[in-house]
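Asker: The sequence shown begins at 58 in the numbering used here and counts up one residue at a time.
In short, the hints are calculated from the structure, not lab data. Treat the hints with caution; some may be incorrect.
Derived CB-CB ranges, DEER-like [said to hold, decoys possible]:
(1) D64 with L234: 27 to 35 Å
(2) R276 with P220: 45 to 53 Å
(3) K93 with E282: 13 to 21 Å
(4) P220 with L293: 37 to 45 Å
Where a beta carbon is used, it is the ideal one built from N, C-alpha and C, also for glycine.
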Amino acid sequence: MAVIYPDYVARFYDIIYASVRSVDRAYYLRKIAGCKGPVLEVGVGTGRFFLEALHAGADIYGIDPNESMLRVLQQQLTARQQHRVSLQSAETLSLPVKFDLIIAPFRVFSHLITIDRQLTALERIHQHLNENGSFIFDLFVPNLKMLADGLHEHMDYEGEYEPGHMLRRITSAHADLMNQINHVTMRYEWDENGTRQKHEWHFDMRYFFRWEIEHLIARSPLTLETIFGDYGENPLTDASNDFVVMCRKK
58 MAVIYPDYVA RFYDIIYASV RSVDRAYYLR KIAGCKGPVL EVGVGTGRFF LEALHAGADI
118 YGIDPNESML RVLQQQLTAR QQHRVSLQSA ETLSLPVKFD LIIAPFRVFS HLITIDRQLT
178 ALERIHQHLN ENGSFIFDLF VPNLKMLADG LHEHMDYEGE YEPGHMLRRI TSAHADLMNQ
238 INHVTMRYEW DENGTRQKHE WHFDMRYFFR WEIEHLIARS PLTLETIFGD YGENPLTDAS
298 NDFVVMCRKK
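Full structure from sequences and hints, please.
Answerer: As structure tokens, this is what we get:
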């Protein structure tokens, strides 16, 4: 079952992530720009990469399992562009196009909790790649201390979503260490029509270790090329925060 993004999460998504998440932007846009054929973004969301790439001339498509996120994106597309995005998950991916590049940015793969779901997604992605096509996705490198201690009421965003109207996001998380699942709670608080709105969103994310990723790809039809430790494509080290996974259809 896909993680459901409530309407208020979709509403504020671009505002929050324009502030707290930029480390991957140039990397994925460069990969898209360097691709001569069609590109697919899995987990396209509100179009954080998609819109800029499309406006730059990329032949890009996107899928997402969340209607709330796609509504935000579709409002920014012309009638002739609407066919480029569709309500689908990686596990049910079915498009009449094959791609030279498929990307799944910003931990999309962590929403696939079970091994069966992960392998199904990899098989579907393989089916939709052209020969020698690439699949790039990223995951966070587990912070063992944070997994053990948990995260308690951390305010990771505070700012105005409109002039004079404040928005805050407070995040908590605790890990199921045996099953490698982070149970995450995000509390959204914002001022609107003279009242304070508060809503909590609960969801789970799988975390992965390096050799687990390698074995998972080995079980799939894809070929693992390398795992980088950051978006500069530097090697993995003890200081790495990200797994940037490069696969190919051969």
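Asker: Each of the hints needs a verdict: does it hold here or not?
Answerer: Tested hints:
Restraint check, D64 to L234: a C-beta distance of roughly 33 Å satisfies the suggested window 27 to 35 Å. For the hinted restraint 45 to 53 Å between R276 and P220, the CB-CB distance of approximately 52 Å keeps it satisfied. Distance hint for K93 and E282: a CB-CB separation of about 19 Å, consistent with the stated range 13 to 21 Å. Take P220 and L293: their Cβ atoms lie about 44 Å apart, and the range 37 to 45 Å holds.
Of the numbered hints given earlier, the model fails none.
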